[in-house]
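Protein chains in written order, with the working numbering: chain A, 30 to 450; chain B, 30 to 450.
Please keep in mind that the hints were generated in silico from the structure rather than gathered at the bench.
Treat the hints with care, since some could be wrong.
Stated by the list, open to error - What follows is a set of in silico ranges between Cβ atoms, one per label pair, in the way DEER data are often shown:
| no. | chain 1 | residue 1 | chain 2 | residue 2 | range |
| --- | --- | --- | --- | --- | --- |
| 1 | A | Thr31 | B | Pro297 | 51 to 61 Å |
| 2 | B | Ser230 | A | Pro155 | 35 to 45 Å |
| 3 | B | Ser230 | A | Ala234 | 47 to 57 Å |
| 4 | A | Ala202 | B | Thr365 | 51 to 61 Å |
| 5 | B | Arg185 | A | Ala301 | 51 to 61 Å |
What the hints assert, rightly or not - Pairs of lysine to aspartate or glutamate, EDC-like flavour, derived with a Cα cap of 20 Å:
| no. | chain 1 | residue 1 | chain 2 | residue 2 |
| --- | --- | --- | --- | --- |
| 6 | A | Lys152 | A | Glu46 |
| 7 | B | Lys152 | A | Asp187 |
| 8 | A | Lys157 | A | Glu253 |
| 9 | B | Lys370 | B | Glu341 |
| 10 | A | Lys152 | B | Asp153 |
| 11 | A | Lys152 | B | Glu173 |
| 12 | B | Lys370 | B | Asp348 |
| 13 | A | Lys370 | A | Glu253 |
| 14 | B | Lys152 | A | Asp153 |
| 15 | A | Lys446 | A | Asp153 |
| 16 | B | Lys157 | B | Glu183 |
| 17 | A | Lys392 | A | Glu427 |
Only a predicted model underlies this, so the values are computations on that prediction, with no experimental measurement involved.
A virtual CB, placed ideally from N, CA and C, is assigned to each residue, including glycine.
There are 2 protein chains.
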Amino acid sequence: MTLDSLSRDQLDAFLAEQQQAYADLQQAGLKLDITRGKPSSDQLDLSEGLLTTPVEAHVSGGVDVRNYGGGTGLTELREIFAELLGVPVGQLLAGNNASLSMMHDSIVFAMLHGVPGGSAPWKDGPVKFLAPAPGYDRHFAICEHLGIEMIPVEMREDGPDMEAVRAHVADPAVKGIWIVPTYSNPTGAVVSEQVAAELASLETAADDFRIYWDNAYAVHDLTEEHAKSADILGLCSAAGHPDRPLMFASTSKITLAGSGVSFLAGSPDNIAWYLSHTAIRTIGPDKVNQLRHAQFLGSPQGVLDLMARHREILAPKFDTVLRILSERLGPHEVATWTTPKGGYFVSLDVVDGTASRVVQLAKEAGISLTPAGASFPYGKDPRDRNIRIAPSFPPLQELTLAMEGLATCVLLAAAEKAASA
Amino acid sequence: MTLDSLSRDQLDAFLAEQQQAYADLQQAGLKLDITRGKPSSDQLDLSEGLLTTPVEAHVSGGVDVRNYGGGTGLTELREIFAELLGVPVGQLLAGNNASLSMMHDSIVFAMLHGVPGGSAPWKDGPVKFLAPAPGYDRHFAICEHLGIEMIPVEMREDGPDMEAVRAHVADPAVKGIWIVPTYSNPTGAVVSEQVAAELASLETAADDFRIYWDNAYAVHDLTEEHAKSADILGLCSAAGHPDRPLMFASTSKITLAGSGVSFLAGSPDNIAWYLSHTAIRTIGPDKVNQLRHAQFLGSPQGVLDLMARHREILAPKFDTVLRILSERLGPHEVATWTTPKGGYFVSLDVVDGTASRVVQLAKEAGISLTPAGASFPYGKDPRDRNIRIAPSFPPLQELTLAMEGLATCVLLAAAEKAASA
Numbered sequence: 030m031t032l033d034s035l036s037r038d039q040l041d042a043f044l045a046e047q048q049q050a051y052a053d054l055q056q057a058g059l060k061l062d063i064t065r066g067k068p069s070s071d072q073l074d075l076s077e078g079l080l081t082t083p084v085e086a087h088v089s090g091g092v093d094v095r096n097y098g099g100g101t102g103l104t105e106l107r108e109i110f111a112e113l114l115g116v117p118v119g120q121l122l123a124g125n126n127a128s129l130s131m132m133h134d135s136i137v138f139a140m141l142h143g144v145p146g147g148s149a150p151w152k153d154g155p156v157k158f159l160a161p162a163p164g165y166d167r168h169f170a171i172c173e174h175l176g177i178e179m180i181p182v183e184m185r186e187d188g189p190d191m192e193a194v195r196a197h198v199a200d201p202a203v204k205g206i207w208i209v210p211t212y213s214n215p216t217g218a219v220v221s222e223q224v225a226a227e228l229a230s231l232e233t234a235a236d237d238f239r240i241y242w243d244n245a246y247a248v249h250d251l252t253e254e255h256a257k258s259a260d261i262l263g264l265c266s267a268a269g270h271p272d273r274p275l276m277f278a279s280t281s282k283i284t285l286a287g288s289g290v291s292f293l294a295g296s297p298d299n300i301a302w303y304l305s306h307t308a309i310r311t312i313g314p315d316k317v318n319q320l321r322h323a324q325f326l327g328s329p330q331g332v333l334d335l336m337a338r339h340r341e342i343l344a345p346k347f348d349t350v351l352r353i354l355s356e357r358l359g360p361h362e363v364a365t366w367t368t369p370k371g372g373y374f375v376s377l378d379v380v381d382g383t384a385s386r387v388v389q390l391a392k393e394a395g396i397s398l399t400p401a402g403a404s405f406p407y408g409k410d411p412r413d414r415n416i417r418i419a420p421s422f423p424p425l426q427e428l429t430l431a432m433e434g435l436a437t438c439v440l441l442a443a444a445e446k447a448a449s450a
Numbered sequence: 030m031t032l033d034s035l036s037r038d039q040l041d042a043f044l045a046e047q048q049q050a051y052a053d054l055q056q057a058g059l060k061l062d063i064t065r066g067k068p069s070s071d072q073l074d075l076s077e078g079l080l081t082t083p084v085e086a087h088v089s090g091g092v093d094v095r096n097y098g099g100g101t102g103l104t105e106l107r108e109i110f111a112e113l114l115g116v117p118v119g120q121l122l123a124g125n126n127a128s129l130s131m132m133h134d135s136i137v138f139a140m141l142h143g144v145p146g147g148s149a150p151w152k153d154g155p156v157k158f159l160a161p162a163p164g165y166d167r168h169f170a171i172c173e174h175l176g177i178e179m180i181p182v183e184m185r186e187d188g189p190d191m192e193a194v195r196a197h198v199a200d201p202a203v204k205g206i207w208i209v210p211t212y213s214n215p216t217g218a219v220v221s222e223q224v225a226a227e228l229a230s231l232e233t234a235a236d237d238f239r240i241y242w243d244n245a246y247a248v249h250d251l252t253e254e255h256a257k258s259a260d261i262l263g264l265c266s267a268a269g270h271p272d273r274p275l276m277f278a279s280t281s282k283i284t285l286a287g288s289g290v291s292f293l294a295g296s297p298d299n300i301a302w303y304l305s306h307t308a309i310r311t312i313g314p315d316k317v318n319q320l321r322h323a324q325f326l327g328s329p330q331g332v333l334d335l336m337a338r339h340r341e342i343l344a345p346k347f348d349t350v351l352r353i354l355s356e357r358l359g360p361h362e363v364a365t366w367t368t369p370k371g372g373y374f375v376s377l378d379v380v381d382g383t384a385s386r387v388v389q390l391a392k393e394a395g396i397s398l399t400p401a402g403a404s405f406p407y408g409k410d411p412r413d414r415n416i417r418i419a420p421s422f423p424p425l426q427e428l429t430l431a432m433e434g435l436a437t438c439v440l441l442a443a444a445e446k447a448a449s450a
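Excised from the complex, chain A in its bound form (with noise of 0.2 Å):
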């Protein structure tokens, strides 16, 4: 029973309906939050290790790791998570508790320093990023905050729109393009080995292109299914432009989310440049917590463990969610929503024009939702229809009372619209 086949008579009993659903859903009392992507306290607690566990201060590449110094960060942590991200440990860094700090770093640099195979800092010009969407508003947040122009383009099930990437190039002001390549956030999308290449070998107007692959989610599976991120420093390199790529990881959702370790690779000349302005405002990062890091995790392996731990914990949420959304909405065709098979979120898409809306009536009932439209660059969602669903962090029981509402206050505005129409 879809909503465009009812009568009027019809129509008005659904809405009728709804809205009683509606105030039955106010009357609940509700005060619950699906707004950040925030591992649980069940999480948390796979890593009570790094709380717990004494460490013992050793010399490590000649630093006492209590000590100033030892810029590039702990070998021994290194040396894990190059095997996992695919890069040579010398072209790796660890720093301290924020991949979005080495991130916000690096551009900040760029602006005020230029970049390896640039010709003058960027903020002597106009700089603009190409913004596939929906992305994550942190990104979209670090542009805005610093002057970048961005450029929406569409992002699909294997990666940004190509051929609107290519077209945005041929624009010299276009220095960067922002991806998640693994279980993107928030639609799950992984990048193609296909379009990695297409972006490794893109012909670029600018000499200082760069891609900014955040991969938050490298190893961050939902299910049995693992997929492998495309080896964008090789790609690149093959391509002939080795300095294009900066990976960004993090522990933030493997230990503790905000005493986590974070991670940049890049081509020799990207790391000896980063260290370069990093050395100016720090005298290294904080090696003892790297190497606890070290001595919990033990081994790539033990990482792949504890993610398997992980995805026990989140696994019913996301199924929660997807059997919640498919139960209410499906039979109305009124939305659409992702099966993500990794990473942290479910994008939904509600009618166009109604997702503002349905934040709104979730939040009068005491359902914080992210603010419609966070996911795309300046809040602003062209066609008013995505939702991004965190489900990570409450219990499962919230959970469900928060999807069960969400859902209807979706069919609430669906039918706000259709009978207004």
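Take the given structure of chain A and dock chain B to it, following the hints.
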């Protein structure tokens, strides 16, 4: 027996004697390093508890310490340092492991976005900083890296030469001044209440003038005496310039140099400003490390007790440095040096025009010293006489050898100069 008072023959004999001593020094095949103000492993051992004591995760200010969030830092730790630094908790942020990063970032934010009270981003015009010298080389490196012109002013025993400061701040391009108020790097000077009050009430041409008050050694006494830092936030507020000071501090030389916690204090507007920019680069600092610190340090008194144990290790090293300087150089009047009551350095002034020669001689004898001029903007000591001595890192026996060797080099360089006059 000063060199001035020697006859030509006596001088030649003295020179020959020093040349022989230096030849013997080279024979010894030393490999010693007194370049940087790094804590020794004995000092780092004092914070063993940070490596071995389990911490219990909990919710602080509504945020699980393990998870994302809590941009201001952990309240429990901020309370301890608010008392030690004499600032309100609400005006104190706790960050990651390097206060240098907070200084760097706050200047980068000012360059790119401007500061409260200013009318434009600093990058839109020429920017100059007053650089009391001798001073901290990493402060100067930030300015040089960001293209901020440094104007040296003399650092005296009670702070910068205020007459020079007053003259320079008539230039609206002068946006800031570096101050290490307590046990200054490298001279050990303590900024007096009076100089602090003058800085607070200074009439500056720039509306957005900032004092970068790097209180790195606030509790780092080397004697029973404690030099209380001037209350720069209070003084500036009272003078009608609440947004003028930004105060920095850290536990790098209290707990673990590479894995401590940094602090930033300022007016409510400055704190809101700083948070508005850091919120773009991170979802919060490492609160677990902050929790470890709060648990390990316990209270302001806990910090002071720990500092007393540092003093037990450091004071004998400083005594050794001063004893050797006095015994070896005193009789010849070829040098002057500071007698710091806290901090990490002894500042040595040798015969004008010989500091570079001394550093070179020492290097060729296997003794690494901070490059001559390092404590001056652009590495240029106008009198080529200053050498920064960092006694903390080497064991006492190595320090003794290094200082005896350094004395030999100072005497030889002085004799060479006198003989060639």
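Status of each hint after checking the structure:
1. A:Thr31 with B:Pro297: 51 to 61 Å: At 55 Å between Cβs, range holds.
2. B:Ser230 with A:Pro155: 35 to 45 Å: 43 Å, holds
3. B:Ser230 with A:Ala234: 47 to 57 Å: 54 Å, holds
4. A:Ala202 with B:Thr365: 51 to 61 Å: 57 Å, holds
5. B:Arg185 with A:Ala301: 51 to 61 Å: Between B:Arg185 and A:Ala301, where Cβ atoms are some 40 Å apart, the hint is violated.
6. A:Lys152 with A:Glu46: Cα-Cα ~56 Å, so violated.
7. B:Lys152 with A:Asp187: 41 Å, violated
8. A:Lys157 with A:Glu253: With Cα atoms ~39 Å apart, A:Lys157 and A:Glu253 exceed 20 Å; violated.
9. B:Lys370 with B:Glu341: The hint holds at about 13 Å.
10. A:Lys152 with B:Asp153: 11 Å, holds
11. A:Lys152 with B:Glu173: 18 Å, holds
12. B:Lys370 with B:Asp348: 11 Å, holds
13. A:Lys370 with A:Glu253: Between A:Lys370 and A:Glu253 the Cα gap is close to 9 Å, so the pair holds against 20 Å.
14. B:Lys152 with A:Asp153: 11 Å, holds
15. A:Lys446 with A:Asp153: 47 Å, violated
16. B:Lys157 with B:Glu183: Holds - the C-alpha atoms of B:Glu183 and B:Lys157 are around 16 Å apart, at most 20 Å.
17. A:Lys392 with A:Glu427: The given pair, whose Cα atoms are some 15 Å apart, holds under the 20 Å limit.
Of the numbered hints listed earlier, those contradicted by the structure are 5, 6, 7, 8 and 15.
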